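There are 4 protein chains.
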Amino acid sequence: MAQRLSWGMVGGGEGSQIGPAHRLGAQADGLYAFVAGALDADPEKGRAYARSLGIAPDRAYGDWREMLAGERGRDNRIDLVTVATPNATHFEITKGFLEAGFNVLCEKPMTMTVEEGEEIVRVARKSGKVCAVNYCYSAYPMIRQMRAMVAAGDLGAIRCVVANFSHGHHAAGDDAENPRVRWRYDPAQAGVSGQMADCGIHALHLASFILGDEVERLSADFASTVPGRVLEDDAMVSFRTSRGTVGRLWTSTIALGRQHGLDIQIFGETGGLRWASEQPNQVYYHRLGGRVEIIEKGEAGIFPEAARLSRVAIAHPEGFPLAVANIYVDLAAAIRGEATGALPSAEDGLRSMAAVHAAVASAGAQGAWVDARPPMFR
Amino acid sequence: MAQRLSWGMVGGGEGSQIGPAHRLGAQADGLYAFVAGALDADPEKGRAYARSLGIAPDRAYGDWREMLAGERGRDNRIDLVTVATPNATHFEITKGFLEAGFNVLCEKPMTMTVEEGEEIVRVARKSGKVCAVNYCYSAYPMIRQMRAMVAAGDLGAIRCVVANFSHGHHAAGDDAENPRVRWRYDPAQAGVSGQMADCGIHALHLASFILGDEVERLSADFASTVPGRVLEDDAMVSFRTSRGTVGRLWTSTIALGRQHGLDIQIFGETGGLRWASEQPNQVYYHRLGGRVEIIEKGEAGIFPEAARLSRVAIAHPEGFPLAVANIYVDLAAAIRGEATGALPSAEDGLRSMAAVHAAVASAGAQGAWVDARPPMFR
Amino acid sequence: MAQRLSWGMVGGGEGSQIGPAHRLGAQADGLYAFVAGALDADPEKGRAYARSLGIAPDRAYGDWREMLAGERGRDNRIDLVTVATPNATHFEITKGFLEAGFNVLCEKPMTMTVEEGEEIVRVARKSGKVCAVNYCYSAYPMIRQMRAMVAAGDLGAIRCVVANFSHGHHAAGDDAENPRVRWRYDPAQAGVSGQMADCGIHALHLASFILGDEVERLSADFASTVPGRVLEDDAMVSFRTSRGTVGRLWTSTIALGRQHGLDIQIFGETGGLRWASEQPNQVYYHRLGGRVEIIEKGEAGIFPEAARLSRVAIAHPEGFPLAVANIYVDLAAAIRGEATGALPSAEDGLRSMAAVHAAVASAGAQGAWVDARPPMFR
Amino acid sequence: MAQRLSWGMVGGGEGSQIGPAHRLGAQADGLYAFVAGALDADPEKGRAYARSLGIAPDRAYGDWREMLAGERGRDNRIDLVTVATPNATHFEITKGFLEAGFNVLCEKPMTMTVEEGEEIVRVARKSGKVCAVNYCYSAYPMIRQMRAMVAAGDLGAIRCVVANFSHGHHAAGDDAENPRVRWRYDPAQAGVSGQMADCGIHALHLASFILGDEVERLSADFASTVPGRVLEDDAMVSFRTSRGTVGRLWTSTIALGRQHGLDIQIFGETGGLRWASEQPNQVYYHRLGGRVEIIEKGEAGIFPEAARLSRVAIAHPEGFPLAVANIYVDLAAAIRGEATGALPSAEDGLRSMAAVHAAVASAGAQGAWVDARPPMFR
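Chain order of the listed sequences is A, B, C and D.
All letters in the first sequence, in the order written, are residues 0 to 377 by numbering that gives the first Met the number 0.
All letters in the second sequence, in the order written, are residues 0 to 377 by numbering that gives the first Met the number 0.
All letters in the third sequence, in the order written, are residues 0 to 377 by numbering that gives the first Met the number 0.
All letters in the fourth sequence, in the order written, are residues 0 to 377 by numbering that gives the first Met the number 0.
Hints were generated in silico from the structure; no laboratory data involved.
Bear in mind that the values here come from a model prediction, so they are computed numbers and not experimental data.
Even for Gly, the Cβ is constructed at its ideal location relative to N, Cα and C.
Please note: incorrect hints may appear among the correct ones.
[Claimed, not checked] Estimated spans, in silico, between C-beta atoms of each pair:
1. Gln16/B x Pro374/C: 46 to 52 Å
2. Arg216/C x Ile313/A: 32 to 38 Å
3. Gln365/C x Ala99/D: 45 to 51 Å
4. Lys44/C x Arg242/B: 47 to 53 Å
5. Asp185/A x Glu114/B: 46 to 52 Å
6. Thr88/A x Ala99/D: 49 to 55 Å
7. Arg216/C x Arg216/D: 21 to 27 Å
8. Ala99/D x Arg50/A: 30 to 36 Å
9. Ser51/C x Arg124/B: 32 to 38 Å
The following block holds chain A by itself, in its conformation from the complex (with noise of 0.2 Å):
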């Protein structure tokens, strides 16, 4: 067994969602040792927390800054930092630990802007550290298993996938007393685009993540269906990718009734893969001219890929907050050099953030059909 990693955090203070998930996701395999944090916005009440969570006082940081400052001075500095901070503070945070020689897991969306987002591909690769976005769903065991898979030929040239991730949570329209759910919808704090930027990314990096391929051109048709709302609270957008494989990407939060919400489904020329977040835990394959199978851990033809994340045996279900702690499992890897080849990468972020940028505009011109590509990649 190896030396644990060092780690730290930027945001995910008292009361946060995102905090305690992390927390749990980088100690469940006892991989990383939580050493340093600059938790919270308020200087004090951050300091406070960490020491609270076991952080020895003096890498209990104010901000982000200090503890940047704080931590590439020291001999023993963190291994990896997670930011987990607003979504606009992104771009900053990841680009100064990334340019002072830090590994970075930021969380989605990675930037606000296309061009932020070349700019952290950019610093990223000078900089030769890991810089992995929170993708975290790409990260069960269930999904690696679709990707090894679609790789591996199982279902034949891919014809078509649809990935969805619509739910009902925003449904109520209590915007104006609620304001968690208020500034999704306020271009003065979300950016270009509400339920796209926020969910639809998700879904659709795990359609280019099973497919190992990418969007190259979309059609966007959004709508804001609950009235106040400026950005789109649902959003359907068509796509081909760079291997021209049909896209139908659905993504709503006024969904009643869809609890979670994801689920991808994807149509190949001998065979058809179904999986739900809901139910993570196992997979339906159907084989042309076979029956429907479900594909579970623990059984035979489960991939390698899929099966080093599991940690019960077959049909112990393992949940949301395991599929976060393999993103950790697999960024020990890459830091000690071991590449898996699965890890979100900054190249990722930056994808989601330029079809998004997409979708706005071909929504914005009646859904014409535009290039989904970082200029960088085109």
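Following the hints, complete the assembly by docking chains B, C and D onto the known chain A.
Frame of chain A; chains B, C and D shown alone:
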């Protein structure tokens, strides 16, 4: 109990799938006597098969014109004729029988063009007779329940409808050797559209039917994913209804693993509904702020519009053939002058044709939004 | 196509559930003409109702004896009579028609006692006529598929069968006000057993039917969970078959949430099967060392025994009423001398009665193991 | 946030399944520091593995006696020890640590005999320390929800509970070549019972836990379906609880197709509940006269007892490893004197042993009903 109606059929000869489905549907509840038929393109085979099914020799006809001539002259002429012939012939046969004063149930698609559709609507209106189109999914009890719930306001104003009819039964790509598949993608035989005209219109009708609302404009993306296909085997249509509801329709023939493939979700201000044809006896209902509930026949809360179309007690499943039978139940009521208000009409058949042609036009114009209404309804 | 058989019915009058189920079942496929009936305990109501259903006045009988007398004297006597009267009358009516040379379909339970059951078996054998019992669940195509798979050795030797028929439809406990529930638990009306005789025997027949094996001995535990009930509303029976298969049977009427409640699992040396009546068109099959597969009609691997009883294409669900119709399909074949080998027989009806009485005896003897076979088969 | 507790482990060495599960469970929420261990039967391997996991050399022990001696002498002795050794050693290790004043979490089964179980209960009571048994399924949030609903009277008096833990993982019958399976059915290694002692007790504990009631008497049927097995691989137990609830428990290792195989149904006067471990984040609830509702975390109606054990938002699944973690959450509370009232106790461990021995006795006496309570609780 009322007197049985007398019923005849054009098409549906030996070996067809649709013939037995109609005969079971018409006879399941003892409402009709099957007394006349022109069942086959080959007159002799048709007459022989009709006689083998118990039709009297003088009403076992060689073709539809002979049948029309024979029946119109009788005192005990058939009360209803079902037209289940190849698609391209629906128009003239339906028109012929309507003009002669017969009630008609026409298989879908009702016509090949919008102009023909408008002609049928005019003829049907002038005739004063019942002209129905066999959108049989709309006669599932749980679909009627959904329609009644929407009408009762149980979901508030409807924001979004998502309807899919995507299966994998043409995924083999063996068109060259398989004429039953090949013709669907050949404009000379199938007209302007493949899967949209074949299955998409079922899903679209279902959406309109449940909402009590009509498609007004749409944007489409068509793909032919199997080499050699001219017409689409995968289509995405975004639409808006007259009342502004957002619509998403995906239809495909290459979606391996979707065994039947028809499902629909309705999202309103205060509730959401979900139904799938593979499990047609249940509806999932999510009331805003409540839990997801499983609606089942035979329980409290079932609307009379749904309850009247069930034959057996709670949780004894009823399937597709009895949905067809329900169309005949409603037809018998309509013929007797008891309007149910729910029978798919010539107007519905026309609207489908208009939507198909609009989708073809939009897909050919890079997804431009186009008017989806028949000219006569604009 | 063969000539239609002529069919009559005793019982199943206006307002009964079972009458329409049989009429739909007999007529769905055009195999029978409904020509005679003694439908009601009230002769006048029965005659009027029969005439309203299209029965000729001279074959609309006032009671079963009148019907037996009338039909036996006709040249065109009915080919089949269905007995759907109150349970206590099944014996004499079935016996009467068999002795007069009619084919009979009797509702379950065939008799109230084992002695009566043995008498029916003797009479049926002597008559040379078809005597079937309406264990209609056994006629679901997927149940036939399971039986064929077991017979083909797909599961190896069978180790264990688990059959449940547990619903919650008597959970309200309103017996005092609800005579339709109350009589089930009253020995004066229902005989020695409540739920075991009502539903348990369906599950037990299904187990025997699929295995091609019979219950040999059993141990039972009965409970009356609702105060005031004399007969059991919840029963557990463990059993062994002739070939040594271990059986588990749970049946209940107070199992709230189980909407239909019939399901069965079969476990063999090399495979397992699972089926539930609420989703009757699919079977789950687990091959040792493989994945769980979903067996669906219309696909490769469906045995002819199952395929012949489906009417519509893959994934178009067929439900309970068409399982009843399948019994009539098999009856028509049997009457024509084409043995299907799968029709539930008088012997099956007798075995059920013996098992019920054995379970009552065991439950009364603190779960002691008792012989479950009819004396004449020991 | 409170100070982290210090934790050690006996057993769970390299290659074991249970070791990582406990380490993840203890560390997932940052509640414990892992500081001591005697992890392997081979002292050197155990010490080396402990050090590789970050244990200080002086607390990396060679065996449990060395660990007990080492820890009892320290000021900063561990707050909790987990016993995850082979079953036959649980008794002496648990007893030893309790007597020395340590809190203990013991893997199930707590002991091999009822007498040992009673001894542990006495020692635990005398020690005043926490002695818990790892019935981890009881710590799933939705199980806590069910327990809270029953306690709140949402189901009325409970009439019946049906608990199954039947899987197919020993169906291969390759005992001769597979020592990991073989020992389970060998009395010399496994004691008086096979599957009942291994999995049946989980299901039985769950039933008692949810009901807040205890098994009083039972009747059992055991079968060894695979040739060569002495102990049972399939068992059926009917029971009655102290309050008269009827119980049904089926447990099997040859149930091919049941991938995990633990599920439970509770039926009361006014409601029914259903839960399955393969989809642990949902409970199906049927209110008498209402519809089946799907209970989901993060919604209205979740009891605090359930909500406190969820880490992520609605519909983000949490799985088995976090149920184990919940046991550690409750242990931390108990150690700090905040009684949760829900932690599986030494009394529960004893009751399981009494039930197993009672079932063995009943099965050996032709299903006779026997007292299932430990002598000290009669």
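Okay, the hints, checked on the actual structure:
1. Taken as a hint, the range 46 to 52 Å holds for the pair Gln16/B and Pro374/C, whose Cβ atoms sit roughly 50 Å apart.
2. Restraint check, Arg216/C to Ile313/A: a C-beta distance of roughly 35 Å satisfies the suggested window 32 to 38 Å.
3. Roughly 47 Å separates the CB atoms of Gln365/C and Ala99/D, a value that falls within the hinted 45 to 51 Å.
4. For Lys44/C and Arg242/B, the hinted distance range of 47 to 53 Å is satisfied, since their beta carbons lie about 50 Å from each other.
5. Checked against the hint of 46 to 52 Å, the C-beta distance between Asp185/A and Glu114/B comes to roughly 48 Å, which is consistent with it.
6. One distance hint, 49 to 55 Å for the beta-carbon pair Thr88/A and Ala99/D, holds here, with the actual separation near 52 Å.
7. Checked against the hint of 21 to 27 Å, the C-beta distance between Arg216/C and Arg216/D comes to roughly 23 Å, which is consistent with it.
8. Checked against the given bound of 30 to 36 Å, the beta carbons of Ala99/D and Arg50/A, roughly 33 Å apart, stay inside it.
9. Take Ser51/C and Arg124/B: their Cβ atoms lie about 35 Å apart, and the range 32 to 38 Å holds.
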